[in-house]
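**Q** Sequence:
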Amino acid sequence: MTIRMNSAQAVKEETGSARYEIIRQVLHNILLQQRIPQGLVLLEGPLAQLFGTSRVPVRRALSLLHEEGLIARFEGRGFIVAQDAETVEPIRIALTRELFGLDEQQELVDTRSSGEKVLENLQIVLSTAMVFGCYQVDEQKAAQHYNISRSVIRESLMRLRDKGLVEKEPYSQWLTGPLTAREIADHFEIRASLEPTALRKAGQHLAVDWLTASLEKTQKYKGKQLTAAELEWLEEDLHVRCLEPAGNKLMMQILRQNQSPFIVTRIFYDLLAIPVETAMLEEHCLVYEMLLKGNWDLAAACLRDHLERAQIRTLQRLKVLSVLPVPELPAFMEPH
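Under the UniProt record's numbering, the first residue of the sequence shown carries the number 1, and numbering increases by one thereafter.
Just so you know, the hints here were simulated from the structure itself, not pulled from any lab data. In this text, a Cβ means the ideal position worked out from N, Cα and C, and glycines have one as well. Where hints are given, some of them may not hold.
[What the hints assert, rightly or not] Below, computed lysine-lysine pairings styled on DSS-like, alpha-carbon distance capped at 27 Å:
{"hint": "1", "residue 1": "201", "residue 2": "249"}
{"hint": "2", "residue 1": "249", "residue 2": "222"}
{"hint": "3", "residue 1": "220", "residue 2": "293"}
{"hint": "4", "residue 1": "319", "residue 2": "222"}
[Claimed, not checked] Cβ pair distances, simulated, as ranges:
{"hint": "5", "residue 1": "33", "residue 2": "168", "range": "42 to 52 Å"}
{"hint": "6", "residue 1": "147", "residue 2": "28", "range": "26 to 36 Å"}
{"hint": "7", "residue 1": "224", "residue 2": "256", "range": "21 to 31 Å"}
{"hint": "8", "residue 1": "161", "residue 2": "25", "range": "33 to 43 Å"}
{"hint": "9", "residue 1": "256", "residue 2": "33", "range": "36 to 46 Å"}
Take these sequences, add in the hints, and give me the full structure.
**A** Next comes the structure, spelled out in structure tokens:
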């Protein structure tokens, strides 16, 4: 069984050199599907803004599309959607996601650094491994795996240590796991003690528009299978972003280090590929509804009730995971 982790090959690519190919592929598909009008003028600046990059990768992508014969040069600036020999009247309109038929929320080009991509991938690998036992992380093998310097691996591991995903004693190896039922219960005890208090303080500072959007988004998730990113965002909305306005930085630091409940939930749904449990979503919605009504005490009570129910569900999920085969892990993760 192989858990859906980001490809290490994607991490190895140089961010800048890969961007032009992503832009070319997106535009190539749009042009082949004839989703934009003939004669549309394609300019570097607006396209760079659309894709969230500099003009350089856009220029390269347009040049390649011209070589393929999908767009043409003309007397004005940029390129035109036409064949080289065609006479087409230029159409100069705003280049928007709607025009190209692109999702308004989709990130078209991953502009993160290689280090950020490694950090994300390592977080998934470590959080997966710790559910299935105790593993040692080999820094040198990890550096070779991601084709990146050992110092970047070490920095990523130090940041993940702050999240409670890995530990290291002086002059010893990096270790993760095992994640036990006792540890999960301890994490929930901490959250149940801190989160309702923080929410009671934060409630009056939360924007109505943000709460309404969070409620609507949560309702739309009912009956759907979510990606790891969607599930993580859903949990962080309620358990992190809702609490930050309370203004207690130390409390938020403690809560960010208590990631175990989220880890089990993410891996459970990732491995079994099933829709998120409706009860969990309804509990989230109830908290938002109480916040929108301005009843901070009842919102805090609903959050505490949600955490108590979530602990029971998480422990049940941990039991299910314990009988599943260990997912395939990278070679730098060694059983300890």
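**Q** Compare the structure with each hint and give your call.
**A** Do the hints match the structure? See the list:
The hinted pair formed by residue 201 and residue 249 meets the criterion: a straight-line CA distance of about 13 Å does not exceed 27 Å. Between residue 249 and residue 222, the direct Cα distance comes to roughly 32 Å. Violation of the 27 Å bound is thereby established for this hinted pair. Taking the CA atoms of residue 220 and residue 293, the gap is about 21 Å. The hint holds against a cut of 27 Å. A hinted pair counts as satisfied when its Cα atoms are at most 27 Å apart, and residue 319 with residue 222 qualifies at roughly 24 Å.
The hinted range of 42 to 52 Å is satisfied by residue 33 and residue 168, whose Cβ atoms lie roughly 51 Å apart. The given range of 26 to 36 Å is respected by residue 147 and residue 28, whose C-beta atoms sit roughly 28 Å from each other. Judged by the Cβ atoms, the range 21 to 31 Å given for residue 224 and residue 256 holds: they are separated by roughly 27 Å. The hinted range of 33 to 43 Å is satisfied by residue 161 and residue 25, whose Cβ atoms lie roughly 37 Å apart.
Checked against the hint of 36 to 46 Å, the pair residue 256 and residue 33 passes, with Cβ atoms roughly 43 Å apart.
Of the numbered hints given earlier, the model fails hint 2 alone.
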